[in-house]
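Colleague: Chain residues, written in single-letter form:
Number of protein chains: 2
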Amino acid sequence: MAPCPNGGRTSERKQGERVRVGVIGGGQLARMMIPAAIELGVDLRVLAETDGMSAAIAAERVGDYTDAATVLDFARGVDVVTFDHEHVPQDVLAALVDAGVPVRPGPHALAVAQDKLVMRERLSELGLPVPDWARVEDADGLDAFIAEHGGAAVVKTPRGGYDGKGVRVVRSAAEVAEWFATIAEDGRPGALLVEELVDFRRELAQLVARRPSGEIAAWPLVETLQVGGVCSEVIAPAPHSAGRVADVACDIAMAVAEGLDVTGVLAVELFETSDDRVLVNELAMRPHNSGHWSMDGATTGQFEQHLRAVLDLPLGGTGTHAEWSVMVNILGGPEVGTLAERYPAALEGHPTVKLHNYGKAPRPGRKVGHVTAVGDDLDEVVYEARAAAAVFQD
Amino acid sequence: MAPCPNGGRTSERKQGERVRVGVIGGGQLARMMIPAAIELGVDLRVLAETDGMSAAIAAERVGDYTDAATVLDFARGVDVVTFDHEHVPQDVLAALVDAGVPVRPGPHALAVAQDKLVMRERLSELGLPVPDWARVEDADGLDAFIAEHGGAAVVKTPRGGYDGKGVRVVRSAAEVAEWFATIAEDGRPGALLVEELVDFRRELAQLVARRPSGEIAAWPLVETLQVGGVCSEVIAPAPHSAGRVADVACDIAMAVAEGLDVTGVLAVELFETSDDRVLVNELAMRPHNSGHWSMDGATTGQFEQHLRAVLDLPLGGTGTHAEWSVMVNILGGPEVGTLAERYPAALEGHPTVKLHNYGKAPRPGRKVGHVTAVGDDLDEVVYEARAAAAVFQD
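Heads up: the sequence lines are chains A and B, in that order. Numbering-wise (UniProt numbering), the first sequence opens with residue 1 and increments by one. Numbering-wise (UniProt numbering), the second sequence opens with residue 1 and increments by one.
Source of the hints: derived by calculation from the structure; they are not laboratory data. Keep in mind it's a predicted model, so treat the numbers as computed, not measured. Treat each hint with caution, since some may be false.
Copies of the same chain are indistinguishable here, so a pair counts whether it falls within one copy or spans any two.
[Said to hold, decoys possible] No more than 25 angstroms apart at the CA atoms, straight line, and that leaves these computed lysine to any residue pairs for SDA-like:
#: 1; residue 1: K360; residue 2: R18
#: 2; residue 1: K156; residue 2: Y383
#: 3; residue 1: K360; residue 2: G77
#: 4; residue 1: K156; residue 2: G259
#: 5; residue 1: K360; residue 2: R76
#: 6; residue 1: K360; residue 2: G228
Using the sequences provided together with the hints, build the complete structure.
Modeller: In structure tokens:
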């Protein structure tokens with residue numbers, strides 16, 4: 001862990017009160033904060049988008065997170081506000097800050113996670129390694145970039161993309177004509193992000209947590225496997241990553257956390273290129289799928305660490321319980337029935353696998369849960385996690 | 001884990017429904033079931049004794065667990081009923097069984113945990129090693145037992161004792177005269193339990209979990225330290241216990257679980273005597289203070305295992321994350337202020353310690369939380385856990 005360069009800013013919590021954390025968004029990330037909150041004696045309150053969401057057990061209320069009055073009213077009952085996602089509009093965040101509510105991560109950090117063009121600009125300013133990129137406002141600009149980069153490129157909508165949505169590999173601007181059209185319809189100057197098609201060997205993710213006083217804790221670098229743009233599997237630590245790659249990844253993530261003043265958990269998704277470079281792909285300023293393994297495989301899981309970080313408490317150790325942890329997402333779930341009906345079959349032969357059910361209705365491609373296996377033999381750990389997860393998928 | 005001698009009785013849960021577990025009692029044991037329930041996607045509902053108890057976040061309602069109508073009404077919404085304590089009266093348990101509600105552990109097992117005389121009788125019938133004991137109905141009987149056992153003995157009220165209450169070491173029946181008086185006032189044939197004063201080297205506890213289909217899983221034998229009759233510290237595994245002692249303890253606990261048809265977690269508190277015998281002291285048929293370490297130190301914590309067991313799901317692995325786990329109770333808490341105010345001091349120097357806050361107001365002697373440290377160097381692990389816990393106590 002790094003020293004605390006920014007001094008001793010302390011939590012705003014008042015003497016004698018219970019610690020109350022407000023989470024905007026009621027998805028599985030908010031849900032998985034609840035067990036950590038219970039153990040820490042933190043009163044977690046969730047502003048959920050709709051009834052019956054993943055985090056319903058702690059949902060104090062249901063409301064629209066894009067409405068400043070709703071969010072301000074919710075925030076009145078808590079000591080600090082944090083997030084299940086990065087989609088709260090900047091005007092709502094500004095209203096919270098104006099009202100004196102601690103918002104972690106803060107609006108300036110979130111602005112970078114909310115817009116991929118802003119992210120590329122800020123990372124480039126910080127001197128961090130990113131793929132070649134450009135802001136393109138029309139088909140000509142995009143075709144020019146494609147021509148300069150071997151005839152193919154990745155186009156991304158700056159906002160609203162997730163899990164592979166809003167990302168397209170193209171060989172011609174015509175393939176994203178409707179995206180340009182959408183931008184034009186917004187009636188404001190719009191642009192798309194275009195990036196070189198990175199020739200990568202694999203994808204990695206480096207998670208760190210940072211508290212307002214500056215302390216940073218890093219988990220081991222992990223390897224992530226994507227299927228159709230959606231994370232399907234995470235191996236911690238990333239195999240064959242001891243040494244330079246791990247050091248570079250950790251340095252990058254710490255530089256991002258400090259450079260953007262991120263508080264809470266920060267996930268830096270990385271490419272390891274075929275020519276041995278490490279480039280930043282995406283950022284997430286919240287607990288992240290690539291860190292779920294830490295709940296079962298590390299001394300401090302990412303949800304506990306996120307709460308400690310946003311409360312400006314000393315961060316927990318990030319050592320691991322065993323040499324390897326492997327997390328496999330349950331994507332979609334069974335075509336008929338519930339996850340719970342598969343428990344006997346999934347658990348019978350896999351007593352060391354840890355199961356996490358997000359309480360969501362199965363739907364094709366939806367992340368409805370995950371399993372984690374931990375142990376010292378990578379082949380065995382991978383097998384256990386995959387086999388248990390497979391029971392839940394038709 | 002033992003094979004499944006009793007065949008394949010399956011859960012009563014209906015196809016397609018969410019799994020709902022009702023917990024009678026809203027203390028810290030119910031509270032610590034909640035995180036496990038959230039991860040397993042179990043809908044945990046608590047019948048709490050009063051408002052604002054430890055398990056309030058999952059308290060569906062507040063009501064009197066000695067009132068059959070209240071408990072029956074509560075049970076209507078769940079698939080299985082289990083417990084935070086063993087004090088639900090037998091007539092209430094019978095009403096649940098009559099109504100077709102799965103009750104785990106069942107009334108016959110709980111009857112043994114509810115009455116220390118019944119417990120001694122049943123354990124003796126099972127041929128398990130217990131201290132010399134007798135049922136005494138008057139002072140003469142008690143004085144005779146004392147005279148036959150070296151001039152001192154332990155007297156226990158059969159019901160209502162916990163954490164050292166209702167237990168007294170005496171040299172004369174006169175020292176418990178008021179207990180005989182209380183029994184007489186009940187207007188029914190009453191008796192006290194008297195036991196030899198065991199010359200023990202240390203106290204141990206063996207936890208197992210058993211599901212209705214018969215599968216049993218055992219955690220490592222642990223050593224427990226008591227202060228004033230209250231558990232203060234647990235070391236897992238019990239030092240110097242590999243081999244015979246561990247085998248004997250495990251055999252005893254499995255025999256108790258099977259002999260009494262216990263379902264869920266069973267804690268068997270044991271004496272290791274100065275002449276190397278292992279004797280059963282007490283039984284608890286629920287998660288137990290001596291198993292808290294497993295939440296942080298074992299693949300499957302006792303609260304998750306209890307839920308799996310009462311739902312008749314395959315049990316989880318009981319392997320440990322490291323060589324040693326040490327749990328230290330936070331007894332009483334700070335004289336002024338809240339536990340949370342001590343977090344910065346407690347967590348700053350102890351990043352590997354796991355903290356559990358029961359959300360209870362500090363009060364002298366009260367169990368308000370615990371900390372666990374896990375690692376491979378016992379001295380260091382003991383130091384970390386004690387040092388972190390000490391920050392919370394004036």
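Colleague: Please go over all the hints and tell whether each is borne out by the structure.
Modeller: Checked hints:
| no. | hint | result |
| --- | --- | --- |
| 1 | K360 <-> R18 | between (30 angstroms within a copy, 11 angstroms between copies) |
| 2 | K156 <-> Y383 | neither (35 angstroms within a copy, 53 angstroms between copies) |
| 3 | K360 <-> G77 | between (27 angstroms within a copy, 20 angstroms between copies) |
| 4 | K156 <-> G259 | within (24 angstroms within a copy, 65 angstroms between copies) |
| 5 | K360 <-> R76 | between (29 angstroms within a copy, 24 angstroms between copies) |
| 6 | K360 <-> G228 | within (21 angstroms within a copy, 47 angstroms between copies) |
The structure does not agree with numbered hint 2 stated previously, though it agrees with all others.
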